[in-house]
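A.B. asks: Build the full structure now, drawing on both the sequences and the hints.
Protein chains: 6
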Amino acid sequence: MPIVTVEMLKGRTLEQKRQMAKEVTEAVSRSVNCPKESVKVIINEMDTENFAEAGVLRCDKK
Amino acid sequence: MPIVTVEMLKGRTLEQKRQMAKEVTEAVSRSVNCPKESVKVIINEMDTENFAEAGVLRCDKK
Amino acid sequence: MPIVTVEMLKGRTLEQKRQMAKEVTEAVSRSVNCPKESVKVIINEMDTENFAEAGVLRCDKK
Amino acid sequence: MPIVTVEMLKGRTLEQKRQMAKEVTEAVSRSVNCPKESVKVIINEMDTENFAEAGVLRCDKK
Amino acid sequence: MPIVTVEMLKGRTLEQKRQMAKEVTEAVSRSVNCPKESVKVIINEMDTENFAEAGVLRCDKK
Amino acid sequence: MPIVTVEMLKGRTLEQKRQMAKEVTEAVSRSVNCPKESVKVIINEMDTENFAEAGVLRCDKK
Numbered sequence: 001m002p003i004v005t006v007e008m009l010k011g012r013t014l015e016q017k018r019q020m021a022k023e024v025t026e027a028v029s030r031s032v033n034c035p036k037e038s039v040k041v042i043i044n045e046m047d048t049e050n051f052a053e054a055g056v057l058r059c060d061k062k
Numbered sequence: 001m002p003i004v005t006v007e008m009l010k011g012r013t014l015e016q017k018r019q020m021a022k023e024v025t026e027a028v029s030r031s032v033n034c035p036k037e038s039v040k041v042i043i044n045e046m047d048t049e050n051f052a053e054a055g056v057l058r059c060d061k062k
Numbered sequence: 001m002p003i004v005t006v007e008m009l010k011g012r013t014l015e016q017k018r019q020m021a022k023e024v025t026e027a028v029s030r031s032v033n034c035p036k037e038s039v040k041v042i043i044n045e046m047d048t049e050n051f052a053e054a055g056v057l058r059c060d061k062k
Numbered sequence: 001m002p003i004v005t006v007e008m009l010k011g012r013t014l015e016q017k018r019q020m021a022k023e024v025t026e027a028v029s030r031s032v033n034c035p036k037e038s039v040k041v042i043i044n045e046m047d048t049e050n051f052a053e054a055g056v057l058r059c060d061k062k
Numbered sequence: 001m002p003i004v005t006v007e008m009l010k011g012r013t014l015e016q017k018r019q020m021a022k023e024v025t026e027a028v029s030r031s032v033n034c035p036k037e038s039v040k041v042i043i044n045e046m047d048t049e050n051f052a053e054a055g056v057l058r059c060d061k062k
Numbered sequence: 001m002p003i004v005t006v007e008m009l010k011g012r013t014l015e016q017k018r019q020m021a022k023e024v025t026e027a028v029s030r031s032v033n034c035p036k037e038s039v040k041v042i043i044n045e046m047d048t049e050n051f052a053e054a055g056v057l058r059c060d061k062k
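In order, the protein sequence lines correspond to chains A, B, C, D, E and F. Note that this note's numbering numbers the first sequence so that position 31 is 31, with each residue one more than the last. Note that this note's numbering numbers the second sequence so that position 58 is 58, with each residue one more than the last. Note that this note's numbering numbers the third sequence so that position 13 is 13, with each residue one more than the last. Note that this note's numbering numbers the fourth sequence so that position 40 is 40, with each residue one more than the last. Note that this note's numbering numbers the fifth sequence so that position 49 is 49, with each residue one more than the last. Note that this note's numbering numbers the sixth sequence so that position 2 is 2, with each residue one more than the last.
Just so you know, the hints here were simulated from the structure itself, not pulled from any lab data. Values in this document were obtained by computation on a predicted structure and should not be read as measured data. Some hints here could point you the wrong way.
[What the hints assert, rightly or not] Keeping only pairs whose Cα atoms sit at most 20 Å apart, straight-line, the calculated EDC-like set for lysine to aspartate or glutamate is:
| id | chain 1 | residue 1 | chain 2 | residue 2 |
| --- | --- | --- | --- | --- |
| 1 | E | Lys22 | A | Glu23 |
| 2 | F | Lys36 | D | Glu45 |
| 3 | C | Lys10 | C | Glu49 |
| 4 | F | Lys36 | F | Glu23 |
| 5 | D | Lys22 | D | Glu45 |
| 6 | A | Lys36 | A | Glu23 |
| 7 | B | Lys10 | D | Glu23 |
| 8 | C | Lys62 | C | Asp47 |
| 9 | C | Lys36 | B | Glu26 |
| 10 | D | Lys36 | F | Glu53 |
| 11 | E | Lys22 | F | Asp60 |
| 12 | C | Lys61 | C | Glu49 |
| 13 | C | Lys10 | E | Glu37 |
| 14 | B | Lys22 | D | Glu23 |
| 15 | C | Lys36 | E | Glu23 |
| 16 | D | Lys10 | D | Glu53 |
| 17 | B | Lys36 | C | Glu23 |
| 18 | F | Lys36 | D | Glu23 |
| 19 | B | Lys36 | D | Glu53 |
| 20 | B | Lys36 | B | Asp47 |
| 21 | D | Lys36 | E | Glu37 |
| 22 | E | Lys10 | E | Glu37 |
| 23 | A | Lys36 | E | Glu23 |
| 24 | B | Lys22 | C | Glu26 |
| 25 | A | Lys22 | E | Glu23 |
| 26 | F | Lys10 | F | Glu53 |
| 27 | E | Lys36 | F | Asp60 |
| 28 | D | Lys36 | A | Glu53 |
| 29 | E | Lys22 | F | Glu49 |
| 30 | E | Lys36 | E | Glu26 |
| 31 | D | Lys61 | D | Glu49 |
| 32 | C | Lys10 | C | Glu37 |
C.D. replies: Okay, here's the thing in structure tokens:
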């Protein structure tokens, strides 16, 4: 029943998400020894004006 | 002060959300014995390309 | 597949959690029209030194 | 490496978010004694139909 | 900068967590095409009395 | 009603948390223009075996 949430910036293609969901699920299932069917993956996409590092919004970063 | 977050796929109507917020708040308030005024509910809606089970994105599921 | 996370202060009994899980699941299932089997509930308990309102930790509140 | 998530209703300007990211990062860095570079801030904006207090959606509040 | 949070029940060994962190990071880095250094993994472990499916706490499941 | 969650490694003193809750609340209140009373802060502390960067658990980092 692991629930995996991935927070990342917007801009990935559907194919990248598809690949990520598949590979992350396999990685969790293999390392933690649980059936793939029990793994859920949630993708949370952020706008560049909603993420900051070192106090600077990503949309302001040069 | 319970804070309840509900993550679910997009597609519910406003009336369904309204009902859910009301009923979940009552359920928490009753079972945990706190005033309804202290319960907050956050709804997080996901696109079908942002949720996967068994490594398969919901938008790819047949 | 709704995933419900409840954040609240420590101190509830097992019986209160049991009741809450049951009632919240029914409330979500009924209002959003999904099978009870698809609803997951996660309880996140906080110490009173890990929650603040108005800038004051709960453990400091008189 | 503190990761700060701020959940709030939609409607703030870019300038307000910019200021918030800056000030929150400084507050965390100062009080917890870590470099500003290690602080990340994620802003999660909610629609008024996705937040409820006392069982009432914000969009229904008069 | 993907931030990956894995919520799962307590009981995994340190070696399982170590393997999971490594493999999940590689899976995200590869599929989303970002440096491994930018991937963070947070593990959130739950007690069996803090997780429910179908309204039944895991600790009550036979 | 901003809800601020701070995820960080264990090891901060009560005084550091107290200071952080106070300063973060003021920072959010000031920048986003909302009453301090409406700001909530949740602190989520992680063990060093539950956080990884670049695929390496913090407890394994030299």
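A.B. asks: Give a verdict on every hint.
C.D. replies: Hint check:
no. : hint                 : in the structure
1   : E/Lys22 with A/Glu23 : holds (13 Å)
2   : F/Lys36 with D/Glu45 : holds (19 Å)
3   : C/Lys10 with C/Glu49 : holds (11 Å)
4   : F/Lys36 with F/Glu23 : holds (11 Å)
5   : D/Lys22 with D/Glu45 : holds (18 Å)
6   : A/Lys36 with A/Glu23 : holds (11 Å)
7   : B/Lys10 with D/Glu23 : violated (34 Å)
8   : C/Lys62 with C/Asp47 : holds (16 Å)
9   : C/Lys36 with B/Glu26 : holds (18 Å)
10  : D/Lys36 with F/Glu53 : holds (17 Å)
11  : E/Lys22 with F/Asp60 : holds (12 Å)
12  : C/Lys61 with C/Glu49 : holds (10 Å)
13  : C/Lys10 with E/Glu37 : violated (35 Å)
14  : B/Lys22 with D/Glu23 : violated (35 Å)
15  : C/Lys36 with E/Glu23 : violated (33 Å)
16  : D/Lys10 with D/Glu53 : holds (16 Å)
17  : B/Lys36 with C/Glu23 : holds (15 Å)
18  : F/Lys36 with D/Glu23 : holds (15 Å)
19  : B/Lys36 with D/Glu53 : holds (8 Å)
20  : B/Lys36 with B/Asp47 : violated (30 Å)
21  : D/Lys36 with E/Glu37 : holds (18 Å)
22  : E/Lys10 with E/Glu37 : violated (27 Å)
23  : A/Lys36 with E/Glu23 : holds (15 Å)
24  : B/Lys22 with C/Glu26 : holds (13 Å)
25  : A/Lys22 with E/Glu23 : holds (13 Å)
26  : F/Lys10 with F/Glu53 : holds (16 Å)
27  : E/Lys36 with F/Asp60 : holds (16 Å)
28  : D/Lys36 with A/Glu53 : holds (8 Å)
29  : E/Lys22 with F/Glu49 : holds (13 Å)
30  : E/Lys36 with E/Glu26 : holds (7 Å)
31  : D/Lys61 with D/Glu49 : holds (10 Å)
32  : C/Lys10 with C/Glu37 : violated (27 Å)
In the structure shown, a violation is registered for the earlier hints numbered 7, 13, 14, 15, 20, 22 and 32, in ascending order.
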